[in-house]
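Engineer: The lines below spell out each chain.
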Amino acid sequence: MANLGTLVALLVLPFAVGDYWTYQLGLYYLYAMVAVGLGLCWGQAGFLPLGQAMFFGISAYLSAILLKAMPGSYLIYLLLPLAALASGVLALLIGLMVFRRDGGSGPFFSLITLALSMLAFQIASNWNSVTGGFNGLAGIPSLPGIDDFRANYYLAAVALVVVLTLATWLYRAPLGVLWRAIAQNERRVALFGFNPHRYKAIAFAVSGFFAGLAGALYAPQQGLVSPQVVGFAFSAELLVWTAVGGRGRLYGPVLGTLLVGSMTGEMRDGVPYWEVIMAGFFMLVVLVFPQGVIGLFTPVTDRLRRSFDRARQRARIEAPARAEVAAQEPLTIEAARVSASGINILNDLTVAFPPKGVACVIGPNGAGKTSTFNLITGELPASAGSVKVGALDITNQAPYQVARLGFGRKLQAPSVFPELSIGDNLAIALWSNGARPLDLLRLSLRRWSSPIIAELAMRYAFLGKEESPASDLSHGERQILELAMALAVQPRILLLDEPCAGLSADETSRAVDVIRWAAERLGNAVIIIEHDMALVRRIADRVMVLHNGALLAEGSVADIQANPAVQAVYVGGQK
Amino acid sequence: MDPLIITQILNILFGVTTLAMIALGLAITFGMLGVLNLAHGEFVMMGAFCALVVDRAGAPFLLAVPLALLVCGGVGLVVELLLIRPLYRRPFDTLVATWGLSLLLRKLAEAGFGLGFNSVAVPLAGTTTLFGTDYPTYRLVLIVICIAIIAALFAWYGTSRAGLKIKAMVGNPDLARALGMPVKRLATTTFVVGSCLAGLAGVMVAPLVPVHPYLGLDYVIKSFFVLVVGGLGSVLGVVAGTGVIGGLDSVMSALFGSTQAYFTVLVVAILFLWLKPRGLFAHG
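Sequences listed follow chains S and Y, in order.
Using this note's numbering, read the first sequence as starting at 15 and increasing by one per residue.
Using this note's numbering, read the second sequence as starting at 99 and increasing by one per residue.
Looking at chain Y on its own, in the form it has when it is part of the complex (with noise of 0.2 Å):
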């Protein structure tokens, strides 16, 4: 096969499991918590900072990982505590009280890093041959992490008790804590996992796009039209989300050009957010 089309699909293939990765955080919170937390793309963010961070320190890339997951999962723990709880099943309120916070992170690291683009250096630079083409080893390592940990968190919410506990106190709150479930304690969890995996994203992307303090609008929004087209409260619905519009995103990019991939990407979204906001799946 032609290397070129190779490397598009890869192109494809990565663009796509990132921002899986990237819904995936928000499906926690937003499918599972009801949540809709404007903000995740600055948990993105500071994960990418972390990246800088360490990169800039001359530390080894790896440090950001548990770096990013002690200051997304710190932050992300505070605000379920003080800005979240109060607001559960205020859906209005929440959007407009986490888009508060999506401003304040967003000009504290203005503050403390200012507006310019940095770059953090590409660890494990350097091409792999595969199908005939050089494709970068760390996009390919990206790509089977990301497919890994969504695996991973499918079997997981399938099969575990954990799992199980969070569609009960997602479908009936009062009676699951009747039932004596910490149903505080499991939706501060969820919301704190939800942000750690945000900020791991935020570091898996860094090396690769300039970091600055508002890289996370794009991908939130994109994220959330993931989960609209993918539906909510399932792991496969943001597979398939993702699919559709990661996948729309990229063919549009490398056939047309990425102002109408966007383009098309908001026309699809508000047509499935009108006529379809349950998802692909949804019956009647």
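If we strip away everything but chain S, and leave its shape as in the complex, we get (with noise of 0.2 Å):
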């Protein structure tokens, strides 16, 4: 809707801004569409790519060389998307093989792509036989149709409004929930068996391919290419534009570069000081309005969407069931150790978890409880030994492939995604078994729901608040939300990690009975570490004792209690 009036508006435009600015305005839209990928890779998906000129740069010079080689032939119109595309194709590489590594998506994903954006404007400027060197390509054709400045305008404007629709429909898919859910908690994620990496590269590779395209139409329309449009100089501005109009919505980039990009283009030279007064205001947003000029505006335009969306309230569509297993099989863990510098946390650790009822885990602090979890997860790699499922080495597998296999995990501290609502939270566990990866380009998904959400928020009223933010929750409340989540993933083995921590007794014994009915329900292995010997009684089928990274002891509850070895460690008396 709001692409369309967009649509609309820039082409009525030039009527009213006369001739030079429907020039220079025609530039600026393809900056924009550079700028409205930053803001999808730093507003959405939380990481900050420094070097965004190189993808605009490199398909700019593709396309020069392109047009060079075939001027006016129709054939360039399906050879540029080609270069656009190249550009993605180099940003999804590089966002693969960089995400996985140590470094991650932080500063240092950041000074790589800084790095490489040099690296570029260094090859620009001495591959004279390709590049031209340090002048660049000059007399590039412009496209066959497209004879005018006027022309070249409206060529822009539909290229802008084809990003924003497609960024837009993005941003309401479940991609889009899941990029801002890496954003807040990557390892949650993780933990639903999403691979973030992956979906950061998809994210950076989006980016690219914006870029490409505004950098395939700047070849033609600008007829000249050097350069400066791969270097660092131009990412620092393409940044400076996002942050100042808004990283964190759609609109804000292009706000960013039609403000401030244009106006210094007309300042720089005519107001003393103009350059001055940007840097300066630009620190300012990003210290005290980081949510930029658009940020003026968002509290109007999400009432009216609010507003226009209760008017259509729509009707929640059933999650598929997940594939049903074969049989229910035991988790084992054989000799596990685990060590982190230097301290062994998982010393020879066997045990065996039953496939069906609530088992739990105790031991004395540092006992080695959460660290059992994460190596079952996939989070803390084994140095010996072995994890299996029935006969199925999942050892050292990574905690998004485990997740895959049916693990569900609550953390100790709830960790959901404080600003996504709750029925997104919810979504993205449903997701997490139910949803082919193409499937997350559908915006029905949105609205997936399941029977045991639907009997959750039976129990728990606050949970059918689909629209409202988690963060608005209490702590009791994001624990049961996180149980909720890991519930609705109907996980064959299920791991609580002190779910009831920070509950007041009620609450405490309103969650046991959710647990008790899910693991009856799902007919699954629930897997709980809980220091509460009162709650361990009361839904404990079996127990297991841990101890210096060690199984200690094994039994009924009856049995670990009359056990003189575990009534040692407890109160003691040996080590």
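Please keep in mind that the hints were generated in silico from the structure rather than gathered at the bench.
Treat the numbers as computed from the prediction; the structure is a model and nothing was measured.
Glycine is no exception: its CB is placed at the ideal position from the N, C-alpha and C atoms.
Please note: incorrect hints may appear among the correct ones.
Claimed, not checked - Stretch-level coverage of chain S by chain Y, calculated; a stretch enters the list once three of its residues show a Cβ under 8 Å from a Cβ in chain Y:
hint, segment
1, 119-126
2, 249-256
What the hints assert, rightly or not - Below 25 Å or equal to it, Euclidean Cα-Cα: the simulated SDA-like pairs (lysine to any residue) are:
hint, chain 1, residue 1, chain 2, residue 2
3, Y, 374, S, 212
4, Y, 205, S, 302
5, Y, 374, S, 410
6, Y, 374, S, 412
7, Y, 205, S, 251
8, Y, 374, S, 353
9, Y, 374, S, 411
10, Y, 374, S, 395
11, Y, 374, S, 397
12, Y, 374, S, 60
13, Y, 205, S, 247
14, Y, 374, S, 396
15, Y, 205, S, 287
16, S, 402, S, 365
17, Y, 374, S, 106
18, Y, 205, S, 277
19, Y, 265, S, 356
20, Y, 374, S, 115
21, Y, 205, S, 273
22, Y, 282, S, 302
23, Y, 205, S, 298
24, Y, 374, S, 209
25, Y, 374, S, 107
26, Y, 205, S, 301
27, Y, 374, S, 116
28, Y, 374, S, 114
29, Y, 374, S, 111
Both chains are sitting in their own frames, so use the hints and assemble them into the complex.
Structural biologist: Here it is in structure tokens:
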């Protein structure tokens, strides 16, 4: 809707602003396309590329070379999207290679993109035979059929709206929700079975494609491509525009580019100290107004959208049921050893968890309880030993791979996605077992629900308030929300790390009922780390006692309470 | 030995020690405080302009040192209070805000001094004969001073209480505060020291390079690479990182030319950032 309005506005704008601005804006629309991609990476997926100009420039050079090789040929309209795609593929490869390494997507990723952009500048300025060296490629013919600045303007306007439409779709699709979830809590996303590195690489690829599309149109529009288009200075300008406009919203980067970018082009020579003022303004925005200029409007537009959405309440769709697994199989850990910085956390731990029922893991602090969970879900590497489900060896698999096998986990400190709505939080859990990769582009998945969630919402009314953000919830409610998310996955094996920590006696009792109910309804294995013996007595079918990273005792609650070795550990009689 | 080779070796030594000097200030702000200060190069630039001002006024060159300490320390103090402090533990915002700061400082220098290249008269003009070759005295003195400062910091950080306190503050700021350490003041002091070192480095290189508002850009990027290669949190890392980056730069420049050298440095830096982001000495 908004994009249609934008298209109409952009198409009639030349009649209002005159020829000079029509020419200028045509260029800044292309820049805005790059900025939208930057906003997608930075504002949605939570990583900051500093070399976005590289993808713009590479595609611009490709486009220039193609145009010069085949002037006037309409075939070029097929080839230009390929030039853009080349940039997208390059970004995808960089993302896939970098995100999975130690440096991840933090500042080191930013520095890599910065260095790559500088490298591209070096190559562009020195590879005379291909890029024309420092002076660049001049005399690039215009696209056939696009013969004046006005036609170029309309082409750029349409391209910008295409990019905005694609981005709108991605922001609304489950993929966009996952990007925002990754930005808030990457670990949690991985524990739901999504490979966060891959989804970030996809975000980077999309941004590279947007930049590439802009670059491909830049060459024929300007008729000149010089090394500056791949360089760091241009990347940095894009960063400023995106930040000032507002990185968190689709239209923020566009606004920033059109306001700051085009005004700087005008004022640079006329107003003394213009750039000093802009730099100061930019710092102010980062410091006190991180939402950017668009943040001034969002309260109004959000309210409008909400009332619009309420007017057409949409029905929930039932998520596909999990494919039935043949039979529940036991989880076994064999002589597992885990160490970190020279300290052995798990010492040849051997334990088998039954395929059904509730098992409680107890033990003094530092016994290795949470580490056992981290070992199972692939977050702590084992230096020896094995973890198996039935006959399937899952030792040292990545967390997202383990999660896909049907493991659900609730972390010790409640870790929901605070800036997502309660509905989206629950939906992510549903996607984790029901959605194929391509499904993540379908908007209808946002409305998925399941009988389990409906039943949970009967017990906890706040789970029904799908639109309100999870950050509004109290600590106890977040614990329940995360428990609900873990249950919504319908895991074969559910790992709960102190699920009732921080809950009142009354809330604990309700939570225990829910866990019992879920274990019976899902017919799965539930493994709970718990300190509260009263709770263990109520809920456990079987108890495992860990001490110093190894299994000390195992049995029914009564067995354990009668076991002298366990008593000694808890009373502190022996080490 | 061939005098030409000795000159080259001294050039490499000079390149490495001055780079280490610039990287040291960054190592303090980035390595200790975790602040990715993209405006660090602009502090070097301000130091160089201090030398220019002193030179133009006809005052003795050494006066540039207190002036640079005053200017860079003062600006560093204001920047830490207004810009850095609110953004601790928000690395992307720090990155972006300090980029804005670097823009501001560059444009201010441009407004005050223009875009042109300026030169500062070399103090201690003349050469000293060393191993049978003549080498500029000023450069030799700089090499010695840089090594002395690095050694002093090495000793101070490793042994003094302040070094221990900074380590504690970086390791766990909340606990350090609970133990009654003036965490905020300590962070401010650390940042100001880093800025002063940058200013000092700027004064040192001013007579040897064209002084202009964009002087800092090259240095800051190279210094970041030094820290990445060497790893954060130790003076030894800075020395090793400078050895790799500065050495590679100087050797490749001497053999193939400056473009190829720059290219090599970029590729090596990217490989380190990608494959070994915690530096040469990181295990596992």
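Engineer: Hints first: check each against the structure and report whether it holds.
Structural biologist: Evaluation of the provided hints:
no. : hint          : result
1   : 119-126       : holds (count 6)
2   : 249-256       : holds (count 3)
3   : 374/Y x 212/S : holds, 21 Å
4   : 205/Y x 302/S : holds, 22 Å
5   : 374/Y x 410/S : holds, 22 Å
6   : 374/Y x 412/S : holds, 20 Å
7   : 205/Y x 251/S : holds, 14 Å
8   : 374/Y x 353/S : holds, 22 Å
9   : 374/Y x 411/S : holds, 22 Å
10  : 374/Y x 395/S : holds, 19 Å
11  : 374/Y x 397/S : holds, 22 Å
12  : 374/Y x 60/S  : holds, 22 Å
13  : 205/Y x 247/S : holds, 14 Å
14  : 374/Y x 396/S : holds, 22 Å
15  : 205/Y x 287/S : holds, 8 Å
16  : 402/S x 365/S : holds, 11 Å
17  : 374/Y x 106/S : holds, 21 Å
18  : 205/Y x 277/S : holds, 17 Å
19  : 265/Y x 356/S : holds, 21 Å
20  : 374/Y x 115/S : holds, 9 Å
21  : 205/Y x 273/S : holds, 20 Å
22  : 282/Y x 302/S : holds, 20 Å
23  : 205/Y x 298/S : holds, 17 Å
24  : 374/Y x 209/S : holds, 22 Å
25  : 374/Y x 107/S : holds, 19 Å
26  : 205/Y x 301/S : holds, 20 Å
27  : 374/Y x 116/S : holds, 8 Å
28  : 374/Y x 114/S : holds, 12 Å
29  : 374/Y x 111/S : holds, 13 Å
Taken one by one, the earlier hints all hold for this structure without exception.
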